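Asker: Start from the sequences, fold in the hints, and give me the full structure.
Protein chains: 2
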Amino acid sequence: MPRLAIDPDRLWSDTLTLAQIGALPAGGCDRLALTEADGAARSLLRYWFEQAGLAVSIDPIGNIFGRREGTEPGLAPVFVGSHIDTQSPGGKFDGVLGVLAGLECLRTLDRAGIATRHPIEVVNWTNEEGARFAPGLMGSAVFTGQLDLATAHASRDPAGISVAQALAQIRQLGDAPMGRPVDSYFELHIEQGDRLQQAGRTIGVVEGSEHNCFADVTCLGDNAHAQATPMGQRRNPLAAAAELITAIEAIGHRNAPVGSMGVASLRLWPNNRINIPHRVVFTYSGTHPDSVAMGAMRREITAAAAEISRRTGIAIEVEASPDRPAVDFDPGLADLVEGIAGEQGFSTMRLRSRAGHDAIRMAPWCPTQMIFIPCKDGISHSEYEDCRQDDAAAGSNVLLHALLARANRAG
Amino acid sequence: MPRLAIDPDRLWSDTLTLAQIGALPAGGCDRLALTEADGAARSLLRYWFEQAGLAVSIDPIGNIFGRREGTEPGLAPVFVGSHIDTQSPGGKFDGVLGVLAGLECLRTLDRAGIATRHPIEVVNWTNEEGARFAPGLMGSAVFTGQLDLATAHASRDPAGISVAQALAQIRQLGDAPMGRPVDSYFELHIEQGDRLQQAGRTIGVVEGSEHNCFADVTCLGDNAHAQATPMGQRRNPLAAAAELITAIEAIGHRNAPVGSMGVASLRLWPNNRINIPHRVVFTYSGTHPDSVAMGAMRREITAAAAEISRRTGIAIEVEASPDRPAVDFDPGLADLVEGIAGEQGFSTMRLRSRAGHDAIRMAPWCPTQMIFIPCKDGISHSEYEDCRQDDAAAGSNVLLHALLARANRAG
Numbered sequence: 001m002p003r004l005a006i007d008p009d010r011l012w013s014d015t016l017t018l019a020q021i022g023a024l025p026a027g028g029c030d031r032l033a034l035t036e037a038d039g040a041a042r043s044l045l046r047y048w049f050e051q052a053g054l055a056v057s058i059d060p061i062g063n064i065f066g067r068r069e070g071t072e073p074g075l076a077p078v079f080v081g082s083h084i085d086t087q088s089p090g091g092k093f094d095g096v097l098g099v100l101a102g103l104e105c106l107r108t109l110d111r112a113g114i115a116t117r118h119p120i121e122v123v124n125w126t127n128e129e130g131a132r133f134a135p136g137l138m139g140s141a142v143f144t145g146q147l148d149l150a151t152a153h154a155s156r157d158p159a160g161i162s163v164a165q166a167l168a169q170i171r172q173l174g175d176a177p178m179g180r181p182v183d184s185y186f187e188l189h190i191e192q193g194d195r196l197q198q199a200g201r202t203i204g205v206v207e208g209s210e211h212n213c214f215a216d217v218t219c220l221g222d223n224a225h226a227q228a229t230p231m232g233q234r235r236n237p238l239a240a241a242a243e244l245i246t247a248i249e250a251i252g253h254r255n256a257p258v259g260s261m262g263v264a265s266l267r268l269w270p271n272n273r274i275n276i277p278h279r280v281v282f283t284y285s286g287t288h289p290d291s292v293a294m295g296a297m298r299r300e301i302t303a304a305a306a307e308i309s310r311r312t313g314i315a316i317e318v319e320a321s322p323d324r325p326a327v328d329f330d331p332g333l334a335d336l337v338e339g340i341a342g343e344q345g346f347s348t349m350r351l352r353s354r355a356g357h358d359a360i361r362m363a364p365w366c367p368t369q370m371i372f373i374p375c376k377d378g379i380s381h382s383e384y385e386d387c388r389q390d391d392a393a394a395g396s397n398v399l400l401h402a403l404l405a406r407a408n409r410a411g
Numbered sequence: 001m002p003r004l005a006i007d008p009d010r011l012w013s014d015t016l017t018l019a020q021i022g023a024l025p026a027g028g029c030d031r032l033a034l035t036e037a038d039g040a041a042r043s044l045l046r047y048w049f050e051q052a053g054l055a056v057s058i059d060p061i062g063n064i065f066g067r068r069e070g071t072e073p074g075l076a077p078v079f080v081g082s083h084i085d086t087q088s089p090g091g092k093f094d095g096v097l098g099v100l101a102g103l104e105c106l107r108t109l110d111r112a113g114i115a116t117r118h119p120i121e122v123v124n125w126t127n128e129e130g131a132r133f134a135p136g137l138m139g140s141a142v143f144t145g146q147l148d149l150a151t152a153h154a155s156r157d158p159a160g161i162s163v164a165q166a167l168a169q170i171r172q173l174g175d176a177p178m179g180r181p182v183d184s185y186f187e188l189h190i191e192q193g194d195r196l197q198q199a200g201r202t203i204g205v206v207e208g209s210e211h212n213c214f215a216d217v218t219c220l221g222d223n224a225h226a227q228a229t230p231m232g233q234r235r236n237p238l239a240a241a242a243e244l245i246t247a248i249e250a251i252g253h254r255n256a257p258v259g260s261m262g263v264a265s266l267r268l269w270p271n272n273r274i275n276i277p278h279r280v281v282f283t284y285s286g287t288h289p290d291s292v293a294m295g296a297m298r299r300e301i302t303a304a305a306a307e308i309s310r311r312t313g314i315a316i317e318v319e320a321s322p323d324r325p326a327v328d329f330d331p332g333l334a335d336l337v338e339g340i341a342g343e344q345g346f347s348t349m350r351l352r353s354r355a356g357h358d359a360i361r362m363a364p365w366c367p368t369q370m371i372f373i374p375c376k377d378g379i380s381h382s383e384y385e386d387c388r389q390d391d392a393a394a395g396s397n398v399l400l401h402a403l404l405a406r407a408n409r410a411g
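Protein chains in written order, with the working numbering: chain Z, 1 to 411; chain S, 1 to 411.
No lab work stands behind these hints, which were simulated from the structure alone. This one's a predicted model, so the numbers in the text were calculated from it and none came from an experiment. Don't be surprised by glycine CBs; every beta carbon is placed ideally from N, CA and C. Any given hint might turn out to be false.
Claimed, not checked - Derived DEER-like restraints, expressed as beta-carbon distance ranges:
| no. | chain 1 | residue 1 | chain 2 | residue 2 | range |
| --- | --- | --- | --- | --- | --- |
| 1 | S | GLY27 | Z | THR218 | 17 to 27 Å |
| 2 | S | SER347 | Z | ALA303 | 43 to 53 Å |
| 3 | S | GLY27 | Z | ILE161 | 27 to 37 Å |
| 4 | Z | THR218 | S | GLN146 | 38 to 48 Å |
| 5 | S | ALA256 | Z | GLY145 | 55 to 65 Å |
| 6 | Z | ALA303 | S | GLY339 | 55 to 65 Å |
| 7 | S | ALA159 | Z | ASN408 | 58 to 68 Å |
| 8 | S | ALA159 | Z | VAL258 | 38 to 48 Å |
| 9 | S | GLU317 | Z | PRO2 | 50 to 60 Å |
| 10 | Z | ARG310 | S | GLN20 | 37 to 47 Å |
| 11 | Z | ARG310 | S | GLU317 | 30 to 40 Å |
| 12 | Z | ALA303 | S | MET178 | 58 to 68 Å |
Stated by the list, open to error - Per the computed footprint, the stretches of chain S lying under chain Z, defined by three or more beta-carbons under 8 Å from a beta-carbon of chain Z, are:
| no. | stretch |
| --- | --- |
| 13 | 159-170 |
| 14 | 284-291 |
| 15 | 352-359 |
What the hints assert, rightly or not - Residues from chain Z that face chain S, not an exhaustive set, calculated with beta carbons under 7 Å:
| no. | residue |
| --- | --- |
| 16 | PRO89 |
| 17 | LEU220 |
| 18 | ASN223 |
| 19 | THR229 |
| 20 | ILE276 |
Answerer: Dropping the structure here:
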């Protein structure tokens, strides 16, 4: 442990305290963005920010900032943070750890009486998960001008409630300025993969993100009686979708462990056991570090869809969203983090993020760096998501010294 | 055409008029049981019954009866009917034709000044389809004591509205006696299969029903990030469900054209594209005239589920409902219908029903007979469900003379 170190028990206790808001029976959380549970968690976060002496502000997309002033007026703030919304069900650490570690770092500087030249702001980005409102990474995308505020405000959940309505409902519609200059952005996160665990390393130095892809696949058949209609007359789009899902999962497995591809969501109409559906829509998603290999996976899926469509007579339309291309984080900050981790005696590993993170939206805005810690068996977006307290502390101590170095650097 | 014949234009015009209530763009209907649309259709039916001089009554499960008195007091009524609720989407003919043909038969007797010894009642059974409230064949099951009234009243739709509430809402909660003696029951229906069309026959003499089966299949995996989780760590129940659906559809095709087996409905949780589901539930359903072959299909499915479960590590539970066993209709009435059809110059074919019908619930109660007419390409439960006007008229004329023979028989 370095001489200047965070309080690991305080960090752990804060994390487990926040996890009680929207707590699920097996230990996870259900705290979808801008729900009452998210609102309660935000209230608690604001209370903690104020207890720590931070100046709190909220911007028009609901991002919350807790600012510790620097000694030199006019310098841009160093940002540190992540998000406290979760999937449904989600885990206790995904996002939350990055926000609370940032807060604990600022408390640590206070306890040690250390000032910094640059201000440091802890940020909780709104709707990182995208599970209730599309798109995810919403708060960071709006802050950096990559997503229009009005468009984000108009996004509606499945019940028809807009982001603007939900923000107003939980009193999180602020007027703090967006698009401000930011010196740099740091985000600590569980890996959501098992490369650190497999390699037995503690600190992941994240060089950037991998290519991500999504596509909506629509299969169109014809309603018919699900028992009386002769098999030869049936045009069941669910049967075609099932074949294509099997093909997509196989493509994912053939590209593992480097790439991934699979299907997690599906809807069908009318979804009555006695009526063959006329329409099935599902989404595939995948990752790959290499855009050429990603393109090849996509083409394999399209070819499988065409073959199944020809053979079954079911129309299949693959509507691919543009790839979320790989983003590079700041090489200088990667070296900084790697050096600090080494000084503190932690093993490190360079890797790229397969999941989406607000850091991907911040990377074009300012020098950005993520720090990963091991995630049990690579499982997240799950009640069983887990990480070790000493790894959380290790990542937070690396984060602390990276913040300090960056906020106090000369020039 | 026989000397005494229904008015085919009136029957067709009534059918197309009723189809405007809940009309869908491509020509079908969305008139789920006890909705506002079903209520409007019931009002129109009652108006037509009263115009035809029938005495209208409604029982506590909402079955509507239109009674034409007989000449001999105390004789049990001959019933003729079907249902006017539809699937969503559903067609114009499934059910509706049987009710309106019954009505047109009684009008025809009036026009010809023909009295019958037995009363004849046209009946619209409540919730035949079972698409909104489970189980289907509800009205006939309650009338004949095969389903408890309180149980049926307590059945709730996905929005939590009970049958009792829905009946009250559309003012269809009556007090006419149930479980009355019935002389016999006749039901005219489109085939919902293509055996008549394939064979070029006009009148299907229905000997009974085939075995029907349903089972709910639950696949249990684990939530996880749908992109970042390594393929080898994923336990995606949708992938297992897709394989099993493919196996089930293949079993259906191997048993065609005699048997059928397939999957039309599926639900998954949480159904978010970025979160691997923890639970998938789907229903398979099938038909076969032979209970041994049906059992063999079921065992094949269970074996496929066990193999997929072993290979993927996804728990799969197959919860089979009891088979709806084959029911035999009345052989004497089948001979009667066949003879009448032959006298009228129509080609006939003996077959069994693959779909569920209220006649299946009536068969244990009184001598029962169904008459099928050809159904375009075997398609029903679809906006594209279709039949020919001359086939509808042919079936109705056979029905008319069967009713007349039965209601006027000696003894």
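Asker: Next step is simple, just say for each hint if it's right about the structure.
Answerer: Cross-check of the supplied hints:
1. S:GLY27 <-> Z:THR218: 17 to 27 Å: holds, 23 Å
2. S:SER347 <-> Z:ALA303: 43 to 53 Å: For ALA303 (chain Z) against SER347 (chain S), whose Cβ atoms are near 48 Å apart, the range 43 to 53 Å holds.
3. S:GLY27 <-> Z:ILE161: 27 to 37 Å: holds, 36 Å
4. Z:THR218 <-> S:GLN146: 38 to 48 Å: holds, 41 Å
5. S:ALA256 <-> Z:GLY145: 55 to 65 Å: holds, 58 Å
6. Z:ALA303 <-> S:GLY339: 55 to 65 Å: holds, 59 Å
7. S:ALA159 <-> Z:ASN408: 58 to 68 Å: Holds, since ALA159 (chain S) and ASN408 (chain Z) (Cβ atoms, about 60 Å apart) stay within the stated range.
8. S:ALA159 <-> Z:VAL258: 38 to 48 Å: Holds - the Cβ-Cβ distance for ALA159 (chain S) and VAL258 (chain Z), about 46 Å, lies within 38 to 48 Å.
9. S:GLU317 <-> Z:PRO2: 50 to 60 Å: holds, 52 Å
10. Z:ARG310 <-> S:GLN20: 37 to 47 Å: holds, 39 Å
11. Z:ARG310 <-> S:GLU317: 30 to 40 Å: holds, 35 Å
12. Z:ALA303 <-> S:MET178: 58 to 68 Å: Once the Cβ atoms are compared, 59 Å apart, the range 58 to 68 Å for MET178 (chain S) and ALA303 (chain Z) holds.
13. 159-170: Three-residue rule not met by the stretch 159-170 of chain S, so violated; n is 0.
14. 284-291: This one holds; 3 residues, not fewer than the three required, reach chain Z with a Cβ under 8 Å.
15. 352-359: holds (count 4)
16. PRO89: holds, 6 Å
17. LEU220: Because about 13 Å separates LEU220 (chain Z) from the closest Cβ in chain S, which is outside the 7 Å limit, the hint is violated.
18. ASN223: At about 4 Å, which falls below the 7 Å cut-off, the nearest Cβ of chain S leaves the hint on ASN223 (chain Z) intact, so it holds.
19. THR229: Interface hint status for THR229 (chain Z): holds (5 Å vs cutoff 7 Å).
20. ILE276: holds, 5 Å
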